[in-house]
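From first to last, the protein sequence lines are chains A and B. Numbering of the first sequence is given in the numbering used here, commencing with residue 2 and proceeding in unit increments. Numbering of the second sequence is given in the numbering used here, commencing with residue 929 and proceeding in unit increments.
Simulated from the structure, these hints should not be mistaken for laboratory data. Every residue, glycine too, gets a C-beta built ideally from N, C-alpha and C. Careful: at least some of the hints might be erroneous.
[Stated by the list, open to error] Listed next, the in silico DSBU-like pairs over lysine-lysine satisfying Cα-Cα at most 35 Å (straight line):
1. B:Lys1007 <-> A:Lys43
2. A:Lys58 <-> A:Lys43
3. B:Lys1007 <-> A:Lys95
4. A:Lys107 <-> A:Lys43
5. A:Lys43 <-> A:Lys95
6. B:Lys1008 <-> A:Lys95
7. A:Lys43 <-> B:Lys1008
[To be verified] Computed, partial: chain A to chain B, Cβ under 7 Å:
8. Gly33
9. Gly44
10. Pro45
11. Phe73
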Amino acid sequence: EDQVTQSPEALRLQEGESSSLNCSYTVSGLRGLFWYRQDPGKGPEFLFTLYSAGEEKEKERLKATLTKKESFLHITAPKPEDSATYLCAVQRGKLIFGQGTELSVKP
Amino acid sequence: SQTIHQWPATLVQPVGSPLSLECTVEGTSNPNLYWYRQAAGRGLQLLFYSVGIGQISSEVPQNLSASRPQDRQFILSSKKLLLSDSGFYLCAWSVQGTVRYGYTFGSGTRLTVV
Chain A
2 EDQVTQSPEA LRLQEGESSS LNCSYTVSGL RGLFWYRQDP GKGPEFLFTL YSAGEEKEKE
62 RLKATLTKKE SFLHITAPKP EDSATYLCAV QRGKLIFGQG TELSVKP
Chain B
929 SQTIHQWPAT LVQPVGSPLS LECTVEGTSN PNLYWYRQAA GRGLQLLFYS VGIGQISSEV
989 PQNLSASRPQ DRQFILSSKK LLLSDSGFYL CAWSVQGTVR YGYTFGSGTR LTVV
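The following block holds chain A by itself, in its conformation from the complex:
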């Protein structure tokens, strides 16, 4: 059965304290892995698409990487405005979402 597991469920960081979020997946015939950011009461906002193992994408303080079994979202020197829930999803036919990691960055 296709499955996506994100860890940790919640992460609290101090401003400037770099860390990584994990997304482990079990899916055959992966067509793409997606990272989204979701602010409270809003719809998810697209961040990255990764297609194959070894691929990396960057956007400001965020960097996403992909292996054959998992993806990492690295956050370098985070700021309070990076606080949000980060969702990972894999696509085989339709998107299958993980439960998300709630990130809180304190000044």
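Got chain A; can you put chain B on it based on the hints?
For chain B alone, coordinates are given in the frame of chain A:
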């Protein structure tokens, strides 16, 4: 540019009342359309998806139904709401035939059934 509109933003409905949530997409043709529900705890559950007018696939048996009367319009309905229908409902669209752009989500409807 493509935009997705979803309304209303917030809705409080009594148990047993009907429901109609509407979603429209602008700036694209023949999109794939989706309805998701997000319960407390953040997980997104796919409810329905559509690849064309009148074509609806249901992912989860439930008290809800969906319709696509026009190419860029997607409607989520219920004849009689249950307490368990409360949640955050999200509409999304994607380009047919490619995964490159993922899904684009609307701003959501917070439904509270009382």
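Checked hints:
1. B:Lys1007 <-> A:Lys43: Roughly 26 Å between the alpha carbons, so the hint for B:Lys1007 and A:Lys43 holds.
2. A:Lys58 <-> A:Lys43: holds, 24 Å
3. B:Lys1007 <-> A:Lys95: Measuring from Cα to Cα gives roughly 27 Å; hence the hint holds.
4. A:Lys107 <-> A:Lys43: holds, 21 Å
5. A:Lys43 <-> A:Lys95: holds, 21 Å
6. B:Lys1008 <-> A:Lys95: Within the cut-off at roughly 28 Å; holds.
7. A:Lys43 <-> B:Lys1008: Within the cut-off at roughly 26 Å; holds.
8. Gly33: holds, 4 Å
9. Gly44: This hint holds: A:Gly44 lies near chain B, its Cβ roughly 4 Å from the closest one there, short of 7 Å.
10. Pro45: holds, 5 Å
11. Phe73: With a closest approach of 18 Å, the A:Phe73 hint is violated.
Hint 11 alone, counting from the list given before, is not met by this structure.
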